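Enquirer: The chain contents come next:
There are 4 protein chains.
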Amino acid sequence: MSERTERLYFASDYMEGAHPAIMQRLLETNLEKTVGYGLDPYSESARAKIREACQAPEAMVHFLVGGTQTNATVIDALLKSYQGVVSARTGHINVHEAGAIEFGGHKVLTIAEKDGKVTAEGVEHCLMEYWKDDNHDHMVMPGMVYLSQPTEYGTIYSLSELKEISRVCHENGIYLYVDGARLAYALACQENDVTLPDLARYCDAFYIGGTKCGALFGEAVVFSNPKTVPQFFTIVKQHGALLAKGRMAGIQFDTLFTDGLYDEIGENAIRMANQVRAALRAKGYEQGIENPTNQVFLIVDDATQARLCEQVELAFMERVDDRHVMMRIATSWATTQEDIDRLIALL
Amino acid sequence: MSERTERLYFASDYMEGAHPAIMQRLLETNLEKTVGYGLDPYSESARAKIREACQAPEAMVHFLVGGTQTNATVIDALLKSYQGVVSARTGHINVHEAGAIEFGGHKVLTIAEKDGKVTAEGVEHCLMEYWKDDNHDHMVMPGMVYLSQPTEYGTIYSLSELKEISRVCHENGIYLYVDGARLAYALACQENDVTLPDLARYCDAFYIGGTKCGALFGEAVVFSNPKTVPQFFTIVKQHGALLAKGRMAGIQFDTLFTDGLYDEIGENAIRMANQVRAALRAKGYEQGIENPTNQVFLIVDDATQARLCEQVELAFMERVDDRHVMMRIATSWATTQEDIDRLIALL
Amino acid sequence: MSERTERLYFASDYMEGAHPAIMQRLLETNLEKTVGYGLDPYSESARAKIREACQAPEAMVHFLVGGTQTNATVIDALLKSYQGVVSARTGHINVHEAGAIEFGGHKVLTIAEKDGKVTAEGVEHCLMEYWKDDNHDHMVMPGMVYLSQPTEYGTIYSLSELKEISRVCHENGIYLYVDGARLAYALACQENDVTLPDLARYCDAFYIGGTKCGALFGEAVVFSNPKTVPQFFTIVKQHGALLAKGRMAGIQFDTLFTDGLYDEIGENAIRMANQVRAALRAKGYEQGIENPTNQVFLIVDDATQARLCEQVELAFMERVDDRHVMMRIATSWATTQEDIDRLIALL
Amino acid sequence: MSERTERLYFASDYMEGAHPAIMQRLLETNLEKTVGYGLDPYSESARAKIREACQAPEAMVHFLVGGTQTNATVIDALLKSYQGVVSARTGHINVHEAGAIEFGGHKVLTIAEKDGKVTAEGVEHCLMEYWKDDNHDHMVMPGMVYLSQPTEYGTIYSLSELKEISRVCHENGIYLYVDGARLAYALACQENDVTLPDLARYCDAFYIGGTKCGALFGEAVVFSNPKTVPQFFTIVKQHGALLAKGRMAGIQFDTLFTDGLYDEIGENAIRMANQVRAALRAKGYEQGIENPTNQVFLIVDDATQARLCEQVELAFMERVDDRHVMMRIATSWATTQEDIDRLIALL
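Chains as they are written, first to last, in the numbering used here: chain B, 1 to 347; chain C, 1 to 347; chain Z, 1 to 347; chain H, 1 to 347.
The following block holds chain B by itself, in its conformation from the complex (with noise of 0.2 Å):
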C-alpha cells in the first residue's frame, strides 16, 4: 500500500501492541521460569521502582489487567457492604463498565462535574445532604472517591484541587481513589503539577495505568498505606483479576519504571497532541471540551466529518447539533511526527 493512501489511525491510545522496550524485555525472559501470580523478581523490581517513583517506601503495589477490573476490585475492597462511591456523573465507572461495580454490590452515588472534573464542594455538598437527611440510615452511605486523572475529557485536577478534595475525604473519613487509566499523559503535560508522589501523599490508593500508556495491558494500583485492606491477594483473585503468569505485569511495569520510559510515553503524546491542537487553531476549528492532555476534542459540520473520516479513523464522541458532531483525535506513545504532518495537511 502506497504511503499516500494509507489510513491514519487517531481514534485511541490503545490500537497497537507494546511500546518496543516493553516487548524487547518480555523476548529477553521468556524462557525463564519463575513462581506466579506476582511474587516473583521482576514484579518485586517493579513494585520497588514504582515505591521509589511516588516517594512511597511502604506501599503495597499490585498489578492488575485492566480498567475496569482494577476499579471493580479497588473499590470493593476499599467500601464496606453498605457503602456506595461518589463519582462524577460523567465518570468511567457509572457510563462504561457495564455495571461492574453494582455487580460488586455498590452504587455509584452521582455527582455534578465540568468537563469530566468534579469539585471538592461538590464532594462535600454530597456527604453534607447525606448526613444531614433524616433518614440517611436508608441511604446508601458515600464511603470514598473516585476520580480519574485524567478524566474521562482528558481534563486534569490541579494539585490545590487534588488537595482540597483529599481534605474533604479525609476530614470525612471516606477514601480517595484515582483512577489513572492515562496517567503518563497527565504526567507528562505542562499545565500538570500532579506528581506521583503527590498521588501517593493525597489518595487511599490510585493506579498507574499500562494497557493505555504503552503496554500489553496491566494497571498498577498503590496503596500508599499497605494496612489500608488486608488480603488484597484474594479479593484480586475472587475478582479473577489475578493473573497466573504474573511476572508478565511486572516485567511490563519494571520497564516502564526503567530509564524514564514512562515520562518519555507520555511527553511523545503530549508533544504531538500539542501540534494538532495548533493547527486545529490555526485553521480556526473550533475545538469541544479544551484539555491538555493526549485527547483532543473538535467539533465539526458533517461535511468535513465525512471528508476527513475517509482517511482518518477518528473517535465519535456526539452529536452537538443537526449539522455538527464532536471528533476526538487521540495521540499516544506510538504517535510519530509523520502521522501528525499527515493528520495536519488534511485539517
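I should point out that these hints are in silico values taken from the structure, not numbers from a laboratory.
Just so we're clear, the structure is a prediction, and the values are computed from it rather than from any experiment.
Here a beta-carbon is modelled for each residue, glycine too, at the ideal position from N, C-alpha and C.
Don't take each hint at face value.
Where chain B lies over chain H, by a calculated footprint (3+ residues, C-beta under 8 Å) [stated by the list, open to error]:
1. 75 to 85
2. 232 to 244
What the simulated footprint calls covered on chain Z by chain C, stretch by stretch (three residues with Cβ under 8 Å from a Cβ of chain C suffice, anywhere in the stretch; the number is not a length) [to be verified]:
3. 187 to 199
4. 225 to 239
Going by beta-carbon spacing under 10 Å, a handful of chain Z positions derived as facing chain C [to be verified]:
5. Pro-41
6. Gly-105
7. Met-128
8. Glu-129
9. Trp-131
10. His-136
11. His-138
12. Met-139
13. Met-141
14. Leu-242
Since the structure of chain B is already known, use the hints to place chains C, Z and H on it.
Expert: For chains C, Z and H alone, coordinates are given in the frame of chain B:
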C-alpha cells in the same frame, strides 16, 4: 552457572512466558493498529480456526484472560440467579478460586469424586435428591454441571463418560460446562478419546486453556450454540474480564491453532511426563493419583523429598502420613529432554 | 390525658397497627393449624380475590413483607444479570432503599422526573441514548422501568400516561413494574383513572401495598402473566423474603379484599386529606407539590413550623430557603374526623 | 366435625398464629401511634428485657422478620467480602435457604457433623487446613462459625462444647454466631445447660427465635458487643429486612420476655415431646436422632406410616431403606395435652 548446580523447575506448567512462535507473532504485529475488545482481524481469524477445529461452524468464541475469571464469568452467564453449579468437591471452582463463584451469587453444589472425576450417576443422584426433596423450592436448584478436562489430578474423562454426563444434563434441562485450563495435555495423551468436536458437541460451553498451554495468558470460551448466552460481551465487561487490546489474546490463539501448535505443545508435555512415569516405576517409586496427562504425582518419604528438593522445584500436594508426602512433577510445552534427563538422573 | 393536650400525629401513614377488621380476622383464626409459606387456604383465597379484583384470572400473586424487600426481589427476578432498572431520580429504589437494588447486582438508571413522575418520552429517550451509543455493549442495558403509583410525592399517573409508558416498554422489549406501596390512596382519589385491571393489563408486575394501607405488614405482588418469572418462590426465599407463617399475610390481604375494605381504607384517607387541602387554601398556606392522594405538602416559615410542631407531628421534607421549610401531612385509613378537625383548628 | 375424626397436626412448630398473650398485646396497642423501624417504645422495652435476660447490658438488639433473612443479614454483616462461614453440612444455611448466603457473596464452608452438631475439633481442623495450605490466599478464608441451638435435628450443644468452640473461634480471630430459631425449646429442656447469658458471653451474635417459638413472626438478633457491626440498621435495610411497623416485632418480643412467657412456651413443648418419647419407647418404636428438644424422630415401616398419616400430619424426613422411613413429630407452645393423648393413643 554450571549445569550441575542449575536448579530444575517442575513445580507447575506456567513458569515461562509463551511459546516462541507466539512471541514471534506478537512481535511482528506489534505496531499494527487495530480496534480493541476482540473485534480485530486476528481475533476473528482465531475464532474461525477454533470453530473449524471444533467442527462447530456456528460457535460463539470469546477470549478471556485467566481461568478463574473465565469460570466465574461463564458460570454466571449460564445460571439463573437462583441456580447453583454442580462440581466435584475437589473442583477448582470449589477450592481454589477464592469464592469467585459465590461472589457472583451462586452456590457450588459439591458431589463426590474419585481422583477428581465425577460420574453421570453422581450427577443424576444429585439432581434426583434435589427434585425428590419436598422442600426443593427452598433449596438451590442445580443449573449446570462443571467438569474439568483434565481434572485437578490430571485424570481425564473418556468419551463415553462425557456422553453419559451430557445425556444426564440435557435430559434434566441443565447445562454442561468443561474447564479446559490444561486441555492441550488431555488432547495429546494416548488414552484420550475426547476431541475438540466432541467437547463442542456434548458440552454447552467449554474453554480451551491458553495460560497453562503455551500462551502468555488467555482462555478461549466456546459456546457451540451462539444463542446460549445473549449479551455475553457485556457480561464479560461487567466481570472486568474484557481485554482492551483484545488482539493480544486473538494473536495468541490464532498462533496456537496454526500448523498444529496446540497439539504439539500438548504432545511435548505428555512425552516428557511419560518418561518420568517410566523412570519412577523403574526406580520403584510409589505414584500418587495415576493419570495420563502432564502431572505426575509421587509419594515419597520425608528424606527423599528433602533430597530431591535441594535440586528440583516440585509442587507439594499433601502430607500422606507422618513420614510421607505427595509431590507433583508438572511438565509443559517448555520442558526439554535435557531437563527430563537431569530429573530422572536425580530420582 | 386531656384531649386538649394530646399530641396529633400526621407524620406518616404507618404509625398504627392494622385496620380493626384485620386484627379481628387474625384473632379468629389464630389457633388454626395450616401449612406455611403461603400455601394455606387463606393465602389461596386472598390470591383468588386479588386476581378477581385485577380481572387477571391467570395472575401469579405472592405476598411479601415490606416494600424495599418487594422491590429488590421483583427487580432481581425480572432483570438479567447485565441489566439495570430505569427509575425517576427521586424513586424510592434510588434514594431510600440503602442500595438494596445494587446489593442484588443491578444499577438504577435514573432519568429526569417532575413531581416524582417520569414520562414515556423520558423513558424512550433513555432507551434511545443507550441503543444509539456505539459503546452500549460496555454499558448497563435498561431492562425494565420502575414507577410508583402514587409516587413519592403523592402524584399519580393517568391511564393515558401509564399506557404510553407501557407501550414504550413493550415496543422495546423491556418490563414495566409499578410500586404500589400506597396504592389504596391512588385508587381512591377522584382524579385517578388507573384501576387494578389497568395495572394488571399494562404492567408486567406491580404490588398492592399493605403496610401503608391498613395491614400490619405485607405487600401483594401481581404478575399478570404467571410465566414471567419461573421459580419466583425460590427467588423470594433466596432474598430472605419468605414468611414462614405465610397465612399472616394471606389473612390480611383476604380481609383487605373482602367487602371493599381496601377501597374504604383509601377513601377515608383521601377524604381527610382533601379537608386539609381545602383548609390550607382557605387559610392562605402555600402548598408544596400538589397531588390528589394522602400526602399534603405545605411550605411554612420557620416560626409557623415551630408553632405547629408543638402540637402536631409532621414529617420534615426539606428546607426550601433560609426561612422556609416543606413539611408533610399524611393521612391514612386510621385518621379520624376528630383528628382532622383538631389539625385544621391549629393551622 | 366430631372430635374423634378431627385430624391431628404434628408436622411442624409453626402451624398456628401467635401465643394468645401476644395477640392480646397487639390488639391492645393496635391504634396507638408510634414511629416506625423499631425506634418505638415497645421495641425499646423489648430490647431492655432481652439485654437483662442475657445479662448483657451493652448488647445491641435488633428485630428481624424471619430466620433465613436473619442468617443472611447477620452473616453478611460479620464477614469481610472475601470470607466464608463455617457450618455443619446439614446446617440450615447450607441446605434450606435457597442460596441466601451465596446471594450475599459468601461461601458456606461445610464441615462434618454428627446429628447436626459440629465439634471444636472439627472447626479447628477446618481452620488449620486453611492456614497450612500453601495456597490459602487463593481460597475462601473462614471468617466465622455458624451453629444452631438446637440444631436441625433437635440436638443441643452443652455449655462445655459451646465454650470450646467459642475458644477456638476467638483464638483464631473469627466470629461465632448461633441460630436460635427454636431456642426456646433448647432453653427449656432439662438436659440443657446453655443459658441466654452463656450465649451472650460466648457468641459474638445469636438470635432468639420468635417465629417458631410463639410469635407471628420475628427474630431478635443480639450482638453482645454493640461495636461488632457498625451500621447494622442500614445493612438490615439493604437486605430488605427492615420492618416499617417495627413495633410489631417489638411488642411480640416484649410480651415473650414478660413474666417468663418465652420459658413457658418452651416448657410446654418439651413436656409434650417427652410424653411422646416415653410412649414411643413403651410401644417399641425405633427413634431416629435422639435429642431432648421439641422434635421427635421415629423410624417406621411403610404400613405404619400409612396408618398414622391417615389421622396425623407428620413431617417426612427421609427414606431409611426400602421399607422404612423417618418421620418427625414436632410439638410447640400450642400443643395441648389432649392432642398428645390422642396422638399416643394412635401410636
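Enquirer: Taking each numbered hint in turn, which are not upheld by the structure, reported in ascending numerical order?
Expert: 3, 5, 7, 8, 9
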